[in-house]
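For reference, the chains in residue letters:
Protein chains: 2
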Amino acid sequence: MTVAARPSTGTPTVLVLDAEPLPRLGRLTGRARIEHTDESALAERLPHADVLLVWDFASHAVRSAWPGEGPRPGWVHTASAGVDHLLCPELAASDTVVTNARGIFDQPIAEYVAALVLAMAKDLPRTLELQRERTWRHRESRKVAGTRACVVGSGPIGRAIARTLKALDITTALVGRTPRTGVHGPDDLDRLLSRADWVIAAAPLTERTHGMFDARRFGVMQPSARFVNVGRGQLVVEEALADALDKRWIAGAALDVFTDEPLAADSPLWGVPGLIVSPHMSGDTVGWRDELGNQFLELYERWAAGRPLVNVVDKKRGYVPGH
Amino acid sequence: MTVAARPSTGTPTVLVLDAEPLPRLGRLTGRARIEHTDESALAERLPHADVLLVWDFASHAVRSAWPGEGPRPGWVHTASAGVDHLLCPELAASDTVVTNARGIFDQPIAEYVAALVLAMAKDLPRTLELQRERTWRHRESRKVAGTRACVVGSGPIGRAIARTLKALDITTALVGRTPRTGVHGPDDLDRLLSRADWVIAAAPLTERTHGMFDARRFGVMQPSARFVNVGRGQLVVEEALADALDKRWIAGAALDVFTDEPLAADSPLWGVPGLIVSPHMSGDTVGWRDELGNQFLELYERWAAGRPLVNVVDKKRGYVPGH
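Protein sequence lines correspond, in order, to chains A and B. At position 65 of the first sequence the residue is numbered 65 (our numbering), and the sequence of numbers has no breaks. Here our numbering = 1-based position in the second sequence + 1000.
Calculated directly from the structure, the hints in this document are not laboratory data. All C-beta atoms in this analysis are idealised placements derived from N, C-alpha and C, irrespective of residue type, glycine included. Check each hint, because a few of them may be wrong.
[Unchecked claim] Label pairs and their in silico Cβ distance ranges:
hint, chain 1, residue 1, chain 2, residue 2, range
1, A, Arg137, B, Ala1304, 34 to 44 Å
2, B, Ala1041, A, Arg137, 22 to 32 Å
3, B, Arg1191, A, Gly30, 12 to 22 Å
4, B, Arg1027, A, Asp188, 37 to 47 Å
5, B, Ala1041, A, Arg139, 26 to 36 Å
6, A, Pro308, B, Gly1271, 34 to 44 Å
7, B, Arg1063, A, Ala264, 50 to 60 Å
8, A, Glu129, B, Ala1019, 23 to 33 Å
9, B, Gly1219, A, Arg137, 31 to 41 Å
Generate coordinates for the entire structure from the input sequences, incorporating the hints supplied.
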């Protein structure tokens, strides 16, 4: 259905906003003019590009650099699942098609969540501390089979997380924007949170989800509950989470994403007891850059042939709508 | 089939070798004389007992205290899966029936192994170190789906581990003493080790398995392989493992069991790079003592009624033979 605009004649220009090289683009030699840019030159280059590839998915530069009027790329692809870092009102209102890296990160992130859930259940961080102190201290740990999880976010990543937790015999409920078979709607959220042993945030960052994990929601959770965020930092009110851990409203948490990344060395979050901090790495398994590169090339073939693109973002909702 | 000897008249004496109290034994009030002993009085008390309950499963005192001749318990139950700590030649040769805690630890240990495998794949120990240093350092991690595991030990614990790893889409081979459907025999071991990403030791400690993970076997493994021992410490030649890690023959390891437990504060194992040390806790999830107590009470009902016991150890082989 969704065919993105392309030039009727000549060699198309693909502008790459990059921080690290993307070797696979050599495959387009002779078929596209590949130009690289950093954030500072982006605004100047955008009007001359047919395609924008946001390879530096940590950059928010597109939001401010996007041209309000006049020439602009007909297609923007981001090498990320989230699109919050580029969807400014002007881009949302334009006829430019936005695609994302849907699919690449599902299994890695699901495994990462399982790793965190099991590590917390088995008290692994404490074991590693005691090892450093050369102290043998037996403790009882938790069985995860038979516990309950609530996964917030019903896209491919949330669904992969739910599948993986279910494979560990964890009773898992999925919450999305729209209730449907196998997915609870927002009205069920607080009830599910109040019964969950594990709360997993894997939603896209939108106006509706911004700050949704706040003091009230941490207050609804069980004292034994543990919270994991692998979505976007701004889903969580970070001070409220630190406070909930400090007051023992919940038993533990793990954040892989933060409002400001990289997390500053003087952030109090590094030292919150019961909080595991990791550097936005949940989806990034060996070979991921090649997979992202190949995915862009496949989309490019569709675009160049005038065929409909896949992984097309609903720019009003802020994610790729799906099953 | 296996009915253990019991007194024809009078109240039976149940001798409990314990370190911690077992509250559930109150259920036998009026039906059995419960006597408690520590290691030092065990030899003196054993001839007067009808049943020995080895509640302190860390003790090896039964091996030396077991009476060679004369009166002795007709039934010994140990609150552990392994029986190596009590099977001396005199007990093995006697008509005393030995039962174990088969079943209680399967699921907890399987989850513990999954926790270690995922933590190693996702580089979680390094993440926790970097958190302590307040350092944001993105790394690539590994997908576990599609990797290969070799689980050595085909009893209920090994089979539960295999089920759990398969649920994470890890291709898993099981190795046991006797080849059968779904279980490889010892002849396949080296070939499987040479292809495994994960090698899991979950075998009983017997003459055949003692020291089986030695320098030669670590040499067979892939440089990317990681080794986990949740069986018994003596399955592994510990110096050979430390050496294999030091020389990068393998990429990492986790030991939950050791030749000498508790591990001494001055053991070099605490500080071996790439080695996770935990204090023999893989099977011990909240409620485990109650489950062990209930299991003994169920066996006691069978014994008191003159019915066959279950979980009966083959004293020649050193474990409960099964499917």
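Within 22 to 32 Å or not, the Cβ separation of alanine 1041/B and arginine 137/A? 28 Å, holds
Using the beta carbons of arginine 137/A and alanine 1304/B, state whether their distance is inside 34 to 44 Å or not. About 38 Å separates the Cβ atoms of arginine 137/A and alanine 1304/B, which means 34 to 44 Å holds.
Between proline 308/A and glycine 1271/B, is the Cβ distance one that fits in 34 to 44 Å? Given a distance of about 58 Å, which is not inside 34 to 44 Å, the answer is violated.
Confirm or reject the claim that arginine 1063/B and alanine 264/A have a C-beta distance inside 50 to 60 Å. 58 Å, holds
Determine whether the Cβ-Cβ distance between glutamate 129/A and alanine 1019/B falls within the hinted range of 23 to 33 Å. 25 Å, holds
Return holds or violated for the Cβ distance of arginine 1191/B and glycine 30/A against the range 12 to 22 Å. Between arginine 1191/B and glycine 30/A, where Cβ atoms are some 48 Å apart, the hint is violated.
Alanine 1041/B and arginine 139/A, beta-carbon distance inside 26 to 36 Å? Given range 26 to 36 Å: holds, Cβ gap about 30 Å.
Mind checking the hinted window 37 to 47 Å against the Cβ distance between arginine 1027/B and aspartate 188/A? About 43 Å separates the Cβ atoms of arginine 1027/B and aspartate 188/A, which means 37 to 47 Å holds.
If I claimed the Cβ atoms of glycine 1219/B and arginine 137/A lie 31 to 41 Å apart, would that claim hold in this structure? 34 Å, holds
Of the numbered hints stated above, those contradicted by the structure are hints 3, 6, listed in ascending order.
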